[in-house]
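A.B. asks: We have chain F already, so just place chain H on it with the hints.
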Amino acid sequence: MIEFRDLEVTYPNGVKALKGIDLTIPKGQFVVIVGLSGAGKSTLIRAVNHLVPPSKGEVRIDGRSVSKATGRDLRRIRSKIGMIFQTFNLVKRSSVLRNVLAGRLGHTSAIRGLLGLFTKRDLALAHDSLRRVGIPEKAWQRADALSGGQQQRVGIARALAQQPEVMLADEPVASLDPPTSHAVMSDLKRISREDGITTLVNLHFIDMAREYADRIVGMRDGVIVFDGTPDEATDQAFEDIYGRPIDVEKDLRGAA
Amino acid sequence: MRPDPAALPSTVPERPRGQRMVASSTLAVFLVLFFVSTWQTGFSLSDLWIGTGDFFRFFGRLVPDLSYLPEVWAPILETLQIAYLGTLFGTSLALPLLFLASANTSTDRVTLAVARTVLTVLRSIPDLLYAALLAPILAIGPLPGVVALSLFSMAVLAKLGSETVEAVDPGPMEALRASGAGRNRVIVYAVVPQVAATMTSFVLYIFEINVRASVIIGLVGAGGIGEQLLARLNFFAYGDVSMIIVVIFVLVLAIDALSVWARSRLI
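Protein sequence lines correspond, in order, to chains F and H.
Here the numbering used here is used: position 120 in the first sequence is 125, and no number is missing along the way.
Here the numbering used here is used: position 139 in the second sequence is 149, and no number is missing along the way.
The set of hints was computed from the structure by calculation and includes no laboratory data.
Ideal Cβ placement from N, Cα and C applies to all residues, glycine included.
Hints should not be assumed to be uniformly reliable.
Derived EDC-like pairs (lysine to aspartate or glutamate); straight-line CA-CA distance at most 16 Å [what the hints assert, rightly or not]:
| id | chain 1 | residue 1 | chain 2 | residue 2 |
| --- | --- | --- | --- | --- |
| 1 | F | Lys24 | F | Asp226 |
| 2 | F | Lys32 | F | Asp226 |
| 3 | F | Lys32 | F | Glu170 |
| 4 | F | Lys97 | H | Asp179 |
| 5 | F | Lys97 | H | Glu184 |
| 6 | F | Lys21 | F | Asp226 |
Per label pair, the in silico range of CB-to-CB distance [to be verified]:
| id | chain 1 | residue 1 | chain 2 | residue 2 | range |
| --- | --- | --- | --- | --- | --- |
| 7 | F | Lys73 | H | Arg222 | 54 to 60 Å |
| 8 | F | Thr239 | H | Val124 | 57 to 63 Å |
| 9 | F | Lys125 | H | Glu176 | 35 to 41 Å |
| 10 | F | Arg126 | H | Val120 | 25 to 31 Å |
| 11 | H | Ala241 | F | Arg117 | 53 to 59 Å |
| 12 | H | Ser35 | F | Ala115 | 56 to 62 Å |
Looking at chain F on its own, in the form it has when it is part of the complex (with noise of 0.2 Å):
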């Protein structure tokens, strides 16, 4: 369960990107954050594993907080937090395999992770994260030689492999074509649901958002807007969390 209690964020520069958000997602949940450039969904993410420190209140995950954590509480914290990013934030020159392994070092002894010594169980669980997003003959590619779409396979294999109970996902699908935009989608609602991985996603894309959420949340100017089932995400709700009419082509991303 994560719980967010009156979360304020500003950044240095003055901008407040969060005005006092309370939130509670229970465990297992698949929760798709809506907005605008701006809205505060990415820091509203990033604040869940402390990218981003709050200036004020707190986030919780199964009651223990993750704002007042600190050195390796944090760092124990943040290996069951999986990560997506739009960019994918692999390390190109590395094979798909040693990004994979990354993922492990969160629960790697300082000494062993530093001189590469993974133990059978860690690359064992390296190759299942492969298999499940369907990749597991790119294991010793370079990853700058793979698609896009594939790419960011690695980044949820990546993340597979720290066995998260939370996962994190900015804006994954941003980056991609429609059709691979629905593919990663599908992984990450079957991962989700496989393993019972309370999942948050950043996106963009309003019919995106209808199909894979079991629940919506809008946000404008750093509050909540808008919290419901799609059903209940109707045109009307769009309209009044993005504050301007739907545009059809930059608000749908289209079926596969």
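C.D. replies: For chain H alone, coordinates are given in the frame of chain F:
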């Protein structure tokens, strides 16, 4: 018919006064520096002309004495070894330091500032000066040469390296930090693969520079072929001197070519 452009009143505004001032004052500074420098150093073209006779007479005596060649091998090998050890120790010292001197991998701001300051100070002292200062302390011979080159290589390599590290893609670092990896593991897995090729190229380049530098620092008593060169020069043994120069010339050319080739294969 269009009117002659020259007959039209000009619509282009005059060049701003400030720009004109910059151009003319730059020229003035150059001229002043030129006259002051030539006057104070006593540089004179006529002296240079008069000297050309002696110059060619001296060159005439610079015929390599091949019989001296066997005695060149040992000191030239020592020079290479000094360069190699200086590069090796300098690189080993630079590796931990350069990550402390990079804004994106340092532990905290105080460490960053201290590391950068230390490197700037070390770099501002030429390797020749290190050797000259160290030779009397560490006894004449290869040891001060190795220490001098190590210090200088470390400072230069750490500077070049930290600039490379600061230019890496921050995405993978954020991803690993988000997964609970500590600072050192983030460096090894997200930064090192991105900079390894460039850093290897820098190390080869430093070795290239160190081969040349180790010849020079021998002149101040830091071992190697430089020391030998100075000794033969003091005996006016010009045949030996020119033999040494030829060997140095060939060696430097060979190392340069090798290093350029190796670096071209890297990136």
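A.B. asks: Look at each hint and say if it fits the structure.
C.D. replies: Hint-by-hint comparison with the structure:
Only pairs whose Cα atoms come within 16 Å are accepted, and lysine 24(F) paired with aspartate 226(F) is accepted, the gap being roughly 8 Å. Of the pairs offered as hints, the one joining lysine 32(F) and aspartate 226(F) is violated, with about 27 Å between alpha carbons and a cut-off of 16 Å exceeded. Distance check on the hinted pair: lysine 32(F) and glutamate 170(F) sit about 9 Å apart at the alpha-carbon level, within 16 Å; holds. For a cut-off of 16 Å, the pair hint linking lysine 97(F) to aspartate 179(H) stands: about 10 Å separates their Cα positions.
At most 16 Å may separate the alpha-carbon atoms for a hinted pair to count; lysine 97(F) and glutamate 184(H) meet this at roughly 14 Å. Restraint check for lysine 21(F) and aspartate 226(F): the C-alpha separation of about 9 Å stays at or below 16 Å, so the hint holds. In this structure the supplied range 54 to 60 Å holds for lysine 73(F) paired with arginine 222(H), their Cβ-Cβ distance being about 57 Å. Against the hinted window of 57 to 63 Å, the Cβ-Cβ separation of threonine 239(F) and valine 124(H) comes to about 59 Å, which satisfies the hint.
The given range of 35 to 41 Å is respected by lysine 125(F) and glutamate 176(H), whose C-beta atoms sit roughly 37 Å from each other. Judged by the Cβ atoms, the range 25 to 31 Å given for arginine 126(F) and valine 120(H) is violated: they are separated by roughly 40 Å. A hinted range of 53 to 59 Å holds for the C-beta pair alanine 241(H) and arginine 117(F), which are about 55 Å apart. For serine 35(H) and alanine 115(F), the Cβ-Cβ distance of about 59 Å falls inside the hinted range of 56 to 62 Å, so the restraint holds.
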